[in-house]
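K.L.:
Model the full assembly from the supplied sequences, consistent with the hints where possible.
The listed protein sequences derive, respectively, from chains A and B.
Under the working numbering, the first residue of the first sequence is numbered 1, with each subsequent residue one higher.
Under the working numbering, the first residue of the second sequence is numbered 1001, with each subsequent residue one higher.
Source of the hints: derived by calculation from the structure; they are not laboratory data.
If a hint is listed, it holds; no wrong ones were tucked in.
Only pairs whose alpha carbons sit at most 27 Å apart, straight line, appear in this in silico DSSO-like list of lysine-lysine:
no., chain 1, residue 1, chain 2, residue 2
1, A, Lys328, B, Lys1160
2, A, Lys324, B, Lys1346
3, B, Lys1401, A, Lys324
4, B, Lys1401, A, Lys328
5, B, Lys1346, A, Lys328
6, B, Lys1199, A, Lys199
7, B, Lys1446, B, Lys1346
8, B, Lys1401, A, Lys95
9, B, Lys1199, B, Lys1247
10, A, Lys199, A, Lys258
11, B, Lys1490, B, Lys1274
12, B, Lys1260, B, Lys1317
13, A, Lys199, B, Lys1062
14, B, Lys1199, B, Lys1187
15, B, Lys1062, A, Lys328
16, B, Lys1346, A, Lys320
Just so you know, these numbers come straight off a predicted model, no measurement behind them.
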Amino acid sequence: MSEVTTLNDMWMTILLTLDATIRLSTPLVLAAMAGLFSERSGVVDIGLEGKMLAACFASASVAHFTGSPWLALLVAVFISLCLALVHGFATITHKGDQIVSGVALNILVSGLTIILGLTWFRQGGQTPSLSGDGRFFSIDLPGAELMQNVPLIGSLYKELLSGHNILVYAAFALVPVVWWVLFHTRFGLRLRAVGENPKAVDTAGISVNGLRYRAVMIGGVLCGIAGTYIAIAHNAQFTRDMTAGAGYIALAALIFGKWRPVTVLMACLLFGFLQAFAMRIEGVQLPVVGVIPVQIIEAVPYLLTVILLAGFIGKAIPPKAIGKPYVKER
Amino acid sequence: MNFAIELQDIDKRFGAVHANDHVNLQVETGSIHGIVGENGAGKSTLMSILYGFYQADSGSIKIFGNEYQFTDSHEAIAAGIGMVHQHFMLVDNFTVLENVILGAEGGQLLAEGLQAARQSLKELEEKYGLDVDLDATVDSLSVGLQQRVEILKALYKGAKILILDEPTGVLTPQETDELFKIFAALKAQGVTIILITHKLREIMAVTDTVSVMRRGAMVAHLETPMTSESQLAEHMVGRKVLFNVNKEQVEAGDVLLSVKHLNWTDSQGVPRLKRINFDIRAGEVLGVAGVSGNGQSELLEVLSGITPIQEGSIQIKGQTFSPKEQANPAKMRTMGMAHVPEDRHKQGMVMEFRAAETAILGYHTDDELSNGPWLKPALGRERCADLMQAFDVRPDDVELKSANFSGGNQQKLILAREMEHNPDVLLIGQPTRGVDVGAIEFIHQKILAMRDAGKAVLLVSVELEEILSLSDRIMVLCDGEITGQMDAAKADERTLGMLMANAQQAHDPLQSIASGEGQS
Chain A
1 MSEVTTLNDM WMTILLTLDA TIRLSTPLVL AAMAGLFSER SGVVDIGLEG KMLAACFASA
61 SVAHFTGSPW LALLVAVFIS LCLALVHGFA TITHKGDQIV SGVALNILVS GLTIILGLTW
121 FRQGGQTPSL SGDGRFFSID LPGAELMQNV PLIGSLYKEL LSGHNILVYA AFALVPVVWW
181 VLFHTRFGLR LRAVGENPKA VDTAGISVNG LRYRAVMIGG VLCGIAGTYI AIAHNAQFTR
241 DMTAGAGYIA LAALIFGKWR PVTVLMACLL FGFLQAFAMR IEGVQLPVVG VIPVQIIEAV
301 PYLLTVILLA GFIGKAIPPK AIGKPYVKER
Chain B
1001 MNFAIELQDI DKRFGAVHAN DHVNLQVETG SIHGIVGENG AGKSTLMSIL YGFYQADSGS
1061 IKIFGNEYQF TDSHEAIAAG IGMVHQHFML VDNFTVLENV ILGAEGGQLL AEGLQAARQS
1121 LKELEEKYGL DVDLDATVDS LSVGLQQRVE ILKALYKGAK ILILDEPTGV LTPQETDELF
1181 KIFAALKAQG VTIILITHKL REIMAVTDTV SVMRRGAMVA HLETPMTSES QLAEHMVGRK
1241 VLFNVNKEQV EAGDVLLSVK HLNWTDSQGV PRLKRINFDI RAGEVLGVAG VSGNGQSELL
1301 EVLSGITPIQ EGSIQIKGQT FSPKEQANPA KMRTMGMAHV PEDRHKQGMV MEFRAAETAI
1361 LGYHTDDELS NGPWLKPALG RERCADLMQA FDVRPDDVEL KSANFSGGNQ QKLILAREME
1421 HNPDVLLIGQ PTRGVDVGAI EFIHQKILAM RDAGKAVLLV SVELEEILSL SDRIMVLCDG
1481 EITGQMDAAK ADERTLGMLM ANAQQAHDPL QSIASGEGQS
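P.N.:
Following this line, the structure appears as structure tokens:
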């Protein structure tokens, strides 16, 4: 009898960890897809973090004042889009350094959100906790309650697949859409081409800048959704630097997934799992090894990426024209 | 008369540079028209204007009798103009098919467009003899085939006028012949071709009419059968040019540089040099022929000490360098070796340096130029002025930034730096790449002067004419291997071309001599 209970407990622990994996992967997936569009077009997007953070703040504020998560989403997307356009203006129109522009954006947003938070809400840089309608709530998939008594599959369905909010489902549904756009549409073909050889695109009579702006703008929209998710779906308020490096992990996932939608999704899930795992074993006395410091597990995504870049796991070949502003030569 | 292209009074300035000075041009429909001129004469600018890549400051463009004002390439393409650029505008990791439809996808979704394109490309391939696998990715194709893709791309977009910018620069002689066959097929179908080149022989071989540009202006329009190479060259430079280098017989002396069993593999594990063996004697020019990228760069870098030796040995004046006894450029220099690198911008000079600094690079530790860690800038300037005078570098301004000299003058400055140091062994890579005709003549004379003075010269060049006219012996590299070595007197372009492609032609006497020596 007790054996069955421990087995059951273990199963539930696994399920809950995987459930957390999905919730933690969601912003990574959205941000990584944002980065994928931008970087496939040849524009490095180190400002994923900043755009998400700005969207976090915007959505939490708007949700606090209006109580409408959808309005919050809209405003957050708009703010993030504006920041993306600033990045585009600096790097595409004015050929500025893409890394510098992105980092500047991150620093700006990190400071600005705290200042605005302090002046508007006087809660030490946070926004007030949202209650009730201001958030995106979980959706129970049909039949979750009925299924729960079916062994294995039932709990899998109820705990893992059902009970997330709409943004989670949207994020995962986005991946096949991105794949399809990238490889089966005219826009996708041109996008891939402009990140590899912008001159080929230019001489074919297509505007390089136009394509890159579109890509960067899509990135802005997706970062806006990611930020909204973090602030008012996963959490219930804005707190200082609440993205906590998700943008950088998304970039790492982008490299780890070799700029391909499905492999990037896998990388996001892996990194999300590592975060969930870190939370789960925090302070837990494990046999033999004892307590593993959380920082070690949190560092794993970066370590894996560095190992990948060093050429130990396959090879990550970035789009050839990435990071280079396009200048027509004489 | 029926003109495909009529350009009238095209004028274009880039800042202070008058790139096109009231240029006129008429090209008859269905003809092959050549445009020649030195580097910077304005050929490429003119064609970029015709292709809508730049806009002219003034002047008019008529295509098949209709006047156009192109604001981008798309409009030029729509008017029936196609361009094959010198550096191919292809996306390496795309298939041929994807590359061709880029910009002409025929709808938001790819599937239909790809299907339709495949069909019409098959037809184009048959019509013009342009065979290429549509599903191969571009980076797996040879340069010659990539060029076909460019031509297909233009034709697919409905080009009736095809502009080719220096199309043969990267091709073997055999590939060039193939290209000219394609020209004939295109012409037979009524396509108008504009060929931009600096190779006068090709102009004479394939064009019907030819225009010459000099310093931004059109200086001559000629019927090809009524002109000659020397007349064209005279128009290009503005004075008579000596074509034949007078080479006196010099008895070769002792072996100054000896290379034995050199192997070299790059970081990707690809062998770049395989079993390289050769000697160079005093008073001898050894020409290294080959399509670029077949090991020439690696050979120069290993010989000059830039890259470490992995296997084999290099012997210079009795001193042997090997994997255990590594050389480096400074050591090689003290052994009496000088090196004029292939890529002068990356390896030969620092673009941001003043001429006086470029002129002493590598020799700045000489006793007369430095005192321990301190440079003697005044002496450097003096040295530079001397070099500029000896090699006729213009302008002779020692304070001018290196980047602001023309290609020919940059090259002369580098040659001066290396040659005036009186080396025993001189390595030269692509001495006349991007150099105008007048300077080429001068550089060739200087190289022969080195040989006559009893130096050993290794000359790497992709220009076969250059190799043939300067060398005493010729060695051909293909895929990192020596595919042939022969006396220059016994060599001709056809034989070299075959060795460059490493074509195994049976029963060719020269071939058997060549391979016999090459395998030693």
